[in-house]
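Number of protein chains: 4
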Amino acid sequence: MDFGFDAQTEDYRKRLLAFMDEHVYPAEAGYHSGDGWGPPPILETLKAAAKSAGLWNLFLPGEHGAGLTNLQYAPLAEITGRSPAIAPAALNCAAPDTGNMEVLAEFGTDEQKRQWLTPLLDGTIRSAFAMTEPQVASSDATNIGTRIERDGDEYVINGRKFYITGAMNPNCRIFIVMGKTDPDAARHVQQSQVLVPRDTPGLTVERGMTVFGYTDGDHGGHAELIFDNVRVPVSNLIGEEGGGFAISQARLGPGRIHHCMRLIGMAERALELMCTRALSRTPFGKPLAEQGVVQDWIAESRVRIEQARLLVLKAAWLMDTVGNKGAHTEIQAIKIIVPSTVEWIVDKAIQAHGAAGTSQDTPLAALWVAARTLRLADGPDEVHKRSLARRELNRYRSTT
Amino acid sequence: MDFGFDAQTEDYRKRLLAFMDEHVYPAEAGYHSGDGWGPPPILETLKAAAKSAGLWNLFLPGEHGAGLTNLQYAPLAEITGRSPAIAPAALNCAAPDTGNMEVLAEFGTDEQKRQWLTPLLDGTIRSAFAMTEPQVASSDATNIGTRIERDGDEYVINGRKFYITGAMNPNCRIFIVMGKTDPDAARHVQQSQVLVPRDTPGLTVERGMTVFGYTDGDHGGHAELIFDNVRVPVSNLIGEEGGGFAISQARLGPGRIHHCMRLIGMAERALELMCTRALSRTPFGKPLAEQGVVQDWIAESRVRIEQARLLVLKAAWLMDTVGNKGAHTEIQAIKIIVPSTVEWIVDKAIQAHGAAGTSQDTPLAALWVAARTLRLADGPDEVHKRSLARRELNRYRSTT
Amino acid sequence: MDFGFDAQTEDYRKRLLAFMDEHVYPAEAGYHSGDGWGPPPILETLKAAAKSAGLWNLFLPGEHGAGLTNLQYAPLAEITGRSPAIAPAALNCAAPDTGNMEVLAEFGTDEQKRQWLTPLLDGTIRSAFAMTEPQVASSDATNIGTRIERDGDEYVINGRKFYITGAMNPNCRIFIVMGKTDPDAARHVQQSQVLVPRDTPGLTVERGMTVFGYTDGDHGGHAELIFDNVRVPVSNLIGEEGGGFAISQARLGPGRIHHCMRLIGMAERALELMCTRALSRTPFGKPLAEQGVVQDWIAESRVRIEQARLLVLKAAWLMDTVGNKGAHTEIQAIKIIVPSTVEWIVDKAIQAHGAAGTSQDTPLAALWVAARTLRLADGPDEVHKRSLARRELNRYRSTT
Amino acid sequence: MDFGFDAQTEDYRKRLLAFMDEHVYPAEAGYHSGDGWGPPPILETLKAAAKSAGLWNLFLPGEHGAGLTNLQYAPLAEITGRSPAIAPAALNCAAPDTGNMEVLAEFGTDEQKRQWLTPLLDGTIRSAFAMTEPQVASSDATNIGTRIERDGDEYVINGRKFYITGAMNPNCRIFIVMGKTDPDAARHVQQSQVLVPRDTPGLTVERGMTVFGYTDGDHGGHAELIFDNVRVPVSNLIGEEGGGFAISQARLGPGRIHHCMRLIGMAERALELMCTRALSRTPFGKPLAEQGVVQDWIAESRVRIEQARLLVLKAAWLMDTVGNKGAHTEIQAIKIIVPSTVEWIVDKAIQAHGAAGTSQDTPLAALWVAARTLRLADGPDEVHKRSLARRELNRYRSTT
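Residue numbers (this note's numbering), protein chains in the order written: chain A, 4 to 403; chain B, 4 to 403; chain C, 4 to 403; chain D, 4 to 403.
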C-alpha cells in the first residue's frame, strides 16, 4: 500500500499546475459566450497552448491519447476541475466528448474513427450524447422511448431527448443517439447507439434548458432535441444492434472518475476561496477566520475532501487493476458521495461570501450548480444507493 | 390557546385562493421579462384584478392599507408565496416596496408621503432599499461605508451599493439609501436614511447581479449602484439624522414574517409538485411514490412545514400582542430556521423531478434560489444564531 | 388564533414549578433503586406531597382524574419531563400506568375498575402493558405471535413478550396483555387485550433488558415475560374480543402527547445544563459560551424546541377539538420529529460537558437514552413516516 | 500509488480472522465481569491462544513487539474492533496499555522497563493513564490541576483525576500520572509524567464512572482517583521534568490509528448485523431489506466506511513515511470524522433492530457507546476541528 503519486503523474501535475496559472485563471474573468452558444474565441488560444505544452487528450488511454492510466489521469482531472468551465475544454478533456471519443476508440469502425474520432481528437469539432428523455425516468434504460428502426440500409429515428449537454453549440457536429432497436428483446439488449450528424434532416435542436438560471452557453448549453423520421445509414451504428446499453455502461466508469475528480478540484477551489474570504472580512470586529462556525466549515471541508479524493483514487486503481466490474461498488460509491460532499462545501463557501457568493463575481454559484446537477446526472444518487445496497445485502443472503 | 384562524382571515384566504386559481397560476407559464428589466405587461392586468377583488395592500396595517394584523396577514402571505414571482407583485405586497411603504407610512413627512407613498400604494411606481455594500460585511451596520454629508440645505451622498433588489427596473423611481451621517457617533446612531429619486445626477445604476444564474429581471434584478456626489434636499431625510439604524430595525420584523410565510408557501408548492411527480413517474417498475426514500422526503417535508408555520404564526402573534421587542427571539428564530428548512424541501422536490427540476420547466429551481438567498439576506443565519444564543445564555449568567 | 395559556393552565404550571423546586430536584441526587427493581423509598414521600398539593392524576380527563384537556395537561407534562425519572411517578402520571388507567377508565367493566383502576389511581400499585415481542417486528400488529385462546370460562395465554416496561418492579401487580384471539380474522380484529395479574401461574418474569447499559431499575426495568398456559377468567377481557387493536390505538394519541411534552421538558433541561456549563468552563482561555460552535448549538436547540413544542400543542388542541382521528397527521408528526430533535439537543449538551456528560454525574446520558429509545417505541419513526407520506400522497391521487 | 495490502499484512489478516472465528466470537455471549471489576476468566484462555497463534503485541513496532509498521498493524486493529471488548485484550493490544507500553518502550529507563514494561508485554498486569480531571476542560493541557512537587528524592502528588479507564480493575497495577511540576514554566513544559504503583499510600480509587449506563466493568471501568500526598521516588519520572506534554503527544498518533481502525471494525460489524437483520425481518409483508430507507442506510454505511478506512490507512502510511508531525492533519482528520461516522452507522443498525438493538441481546448498544465516547476522548472533536482549520487557514495567510 502506497499513497504517493508516481513520477510521471507528478511531472504532469507540475506542468498542468503551471498551465493553470499561466493560461487558465487569467482567462476566467472574461470567459463568457456572450449571446451565442459556444465558447469565447480565447478557447482556441488556450487549446493551442495546451497542445504545445503536451497537455492534450490526457484522459484517453491507449494509442489515440496520452496513454495514462485512470489512476494517473485522476489527479490531473482534479486540477482541471479548479476551473471547470475552461480547463477541461482547453485540454480537450471535456465531457461529453471524452466519453464519445472513448466509445469511438473502442467500438467505432475505421470509417467512423476517420470521420468523427479524428476531428474530435484534434479538437476541431464537438459532440453530444443523446440519451435522457423528457417523459420518462431515464435512470432506467428500459424506459427509453426513442425508436431506431431499420428500414433497408437506413435507420429511422423518432423521439425526443432533452438535457443534451453541448448540443446548442453549432460546432457540435455529431450526436451519439441512444434508442431502442428492439423493444421486445431482453431488458438490456433492446437499445442501440447510432451516430447522427447535426445537419441530418428531421433533427431539430429545439431549445436550451437552463440549470438553476444558467444557460451554460459557453459550453454549448443543454438542448431539447426532436428526431422526426431522421434517417442515417446503417453504417452509423456503433458496435452491434442491441449493444447500446453495454456501450453506455462501458463509458460510465471513466466518466465517473473524471467527473468526481473534477468535483474534488472544485471543492479545493471553493475551500481556497472560503479561506481567503474568511481572512479578509471582519464583521463585528473579528475576522471571519476566527469565527468558530467558519472554522468548523473549513475543517469539515478539508476532512471530507481528503476522504472523497482517496475513494476516487481507489476506484481508479481498481479500474486499472481489476476492471470496471471489479470496481463496481467503488464507482457507485463515488457517484453517491462526491457530488453531495462537494455541494456541501461549496454551499459553505458561498455562505462565507454573503450575497457576492451567489453572483457572477465569484465562481462559487456556478460551481455549486455543477455539483448539484451531478447528484442527478447519470441517474439520481438514490438509484445508485439502492443498487449498492442490494449488492451489500447479497453478501449475506446465503447465510440467513 | 387556539390554533384556528379567525373569520376575517378565513374569508381573505378563501378569496385569495380563488384569485390564485383564476389569475395567478394561469399567468405563470408566460411570465418573463424578456430582455428587459421589469415585469411583463400582464402584471398590470393582474394588479387591476387584485384591486377589484379587494386583495390590495393587504400587508399594510393602519389606515393606508387593509388594516390586518400580522397574524391575519401571515397566512395570506403564505398563499402568495406559492407563486412568488407573480402573486406578491399582483397584490402590491412585494418586497422591497412593502418595507419602504411601511417606513414612509410610519416615519415619512406629509410631503414625502404625498410624493412617494401615494404612488407606491397605488402601484404606479416601484422602489428600492439601498443598504448592502460590496466591500464590507453588511450584516454589521457599523461597517457601512456610504457617506451622507450635509452641505447647506442638501445632503451629498457618496458610496457604492450592491444587490439592490428591484433597482434595474426603470419604473423603480425612488431609492431609500442608508449611509453614515456621523461616523464618529455611537454605534447605532451613525446612520441615516434619505430618499433619492432615480434620476438624481450622480446616481448610476451600474449593472445587474445574478443569483445562481438568474437575473431576476422580471422583478427588477439586483443592481450595483454608484453614488458620486449625489445631492438631495435635506427634506429627503426620513425621520431624523442618526435614526437610520432604528428605522431599518423597525422594518425587519414585519419583513421577516412576510418572507418566512411566503417561504412556507413555496415549500407547500414544492411538496405538491413532489407528490404529483412521485405519483406519475415509474422507474424500474414501481412508482416513485412507493419508494421509501421518496416517502421519507414527503413525510419530513410535511412535518417540517407544520413546525415552521406554527413558529412564524407565533412570531406574528407576539408582534401583534407584545411588539417587535417582545418577539425578538421568535423573529430571529424564524429567520434562522425557515429558509434552510424550505431549501431542504425544495431540494428534495428537485431530486424527485430529475434534470427537469433544475430547468425552466418547473418553478422549483427558482424557488430553491429564493430560499437559498434568504439564508443570506438581512445577514447570514450565523449572525442571527450567535445573537439568539447570547440572549439564551444571558438567562443563566446571574446564576453562575 | 391565540398562543397564550389559559388561566387554569397557568395556575397549574406555577404550582407544579414550585413543586419541582421544592420536592423533585432535591430528590434527584440520591434517586436510585439500589440493587432492587423499583423506586427508592423517597418516592412515597413525593407522592404524598403531590397529592396534598393537588398535583395528582393530572393526565386523566373526566371524573376519575384532574379533568384537564390534552391542551391543558401538555405544558404540565413538559414540566415533569425536566426530571423524568421522578416527577411523573411522583404525580402518578408515569407511563405505562397512564395509558393503562385511560384504557380501564374507558373500556373497563365496573369490576375491572374496582379491582385495578382504583389502586392505580391511588398509586398503591403499578402496572405494565405487554405488547412487544422478541421474534417479530412489533410495529406491525398483525405480526403478534402471542395466542389468547378461549377454553370454557377462561382464556389460555401462550407467548413471549419483551421490553415490557415496569414489569420487573414487584409492585407491578397487573399486566394488560395483547395477543391474538382469532388469527384468521381481518387484519385489525385479530387481537384482544386481557388483564393478567402478576402472580398468575404460568407467567414468568424472565429477566430485565438493558437500554444502552441502563437497567432502568428505579422505574421497574424492561422485562422479558413468558406466558406458558397462563389462565385467566374471561371476565378479564378488556372491551370485546377482537377489539385489542382499536383499544391500543385509542391509548396512542394521549400517550404521544405525554411522551413528546416530557421530551420537550428534557430538552429544556439539557439546554439549561448546556448553557450553565458553557458559562462555567474556559478551555484555552475563552469561555465555552463564547465559542461559535457552542453558540450555534444553543441557538439551534432553542429554535428546534420552540418549533417542536408548538407542534405538540397543536396536536393536543386538535385531539381536544376534532378528536384522535382528525389529529392523526399531527400525532404522527410529533412522534416523528420530537424524539430525534431532543436526541440532537441532548447530544450537544453532552458534548459541552465532556466525559462528565456521559456519566452518572449529570442527568444527560439518561435523558439521551430516553430520547433515543422513543425513536423506536410505538414503532420506529420510519413506519410513521411512511404512513404519513401515504396520507399526504393521497391528497393528490385523484388529480393525476 | 497502490491500494493493496502487502503479503505480511495479508498473512496476519488471514490468521487473525481465523482466530476471531475460532476463539473470539464464541466467547462473546458469556463475556461479563459479573459483579466485579475486570475480565471474566476466559480471557486468560484467549490470551494463551493468541500467544501460541503468534498474534501477540501486534501493535508494538520495534524489538519489543511484532515489529509491524502502523500501516501493517492498522488492518489488524480493524479486525479486533469487530469484537472490541474481547479481541484487543486477548491479543494484548488494548488501550490504555498499548500507549503505556509505547511510552515505556520509548522513554522508560531500563529499570522502569524491567519493572513495568516486561509484565505488561507478558500480559500479566494491566495499567492506566491518569490525565483527565473533573474540574477543568482537560482538552487544554495547561488546565491540569494535579501537582507533582519534588521533595528531596521523591515527588509528592496531589490532585483528582476521573474517567481513568481500566483503573477499577485490581490487576491494574501501575498508573502513569500526568501533573504539573512547574506551573510557571512555558505552556507546554509545565507537565511531567510519573509512574505510580496502585498500592502507593495516599492513592484512592474512589469510584467507577458510568458511560451511558455501562460500568465497562469487564475492562476495568473508568475510575475517579484521589491523590493525597502520594509519594514516589524521583526515579519514577518518565523522561524528563517538563516533558509530560511532549510524551503525551507522542502516544497520540498511534493511539488514534488504533482507535479509528477498531472503530472501522465496529462499523463493519454493525453493518453486517444490519444486513442480516434486514434480511430476516418482514414487517408489513415486506423484508426490511427491501425498504428503501434501510437500503439507503446500508449504502451510506458502506460508502462512509470505505472513505473513512482509506483516510485512516493514509494517516498510518504518513506516520510511517514522514512521521507524526507530517501526518498531523490526517491524524486530526481521522479523530474528527471516524467516531461520528461510526456512531451514525451503529445508530442505523440499532434502528433496524428495534428495541433489541438497545439491549444486551446484540453488541450494538455497546458499540454505539464506544463510538460516541470517542467523540470526546482525547479532547472533543470541536477542539480538533478548530486546530485543523487554523492550519488550513495558515496556508493562505501570506497571500492576503
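Heads up, a few of these hints could be off.
Same chains, same names: a pair is fine if it fits in one copy or spans any two.
Derived lysine-lysine pairs resembling DSS-like cross-links, with alpha carbons at most 30 Å apart [as the list claims (entries may be wrong)]:
hint: 1; residue 1: 17; residue 2: 328
hint: 2; residue 1: 54; residue 2: 289
hint: 3; residue 1: 328; residue 2: 289
hint: 4; residue 1: 289; residue 2: 50
hint: 5; residue 1: 54; residue 2: 17
hint: 6; residue 1: 54; residue 2: 116
hint: 7; residue 1: 17; residue 2: 50
hint: 8; residue 1: 328; residue 2: 116
Simulated from the structure, these hints should not be mistaken for lab results.
Treat the numbers as computed from the prediction; the structure is a model and nothing was measured.
Against the structure, the hints:
1. 17 - 328: between (32 Å within a copy, 25 Å between copies)
2. 54 - 289: For residue 54 and residue 289, neither the intra-copy (47 Å) nor the inter-copy (49 Å) Cα distance is at most 30 Å.
3. 328 - 289: between (52 Å within a copy, 27 Å between copies)
4. 289 - 50: neither (44 Å within a copy, 47 Å between copies)
5. 54 - 17: within (16 Å within a copy, 50 Å between copies)
6. 54 - 116: Within one copy, since 21 Å is at most 30 Å while 64 Å is not.
7. 17 - 50: within (18 Å within a copy, 52 Å between copies)
8. 328 - 116: within (26 Å within a copy, 53 Å between copies)
Taken one by one, the earlier hints fail for this structure at numbers 2 and 4, listed in ascending order.
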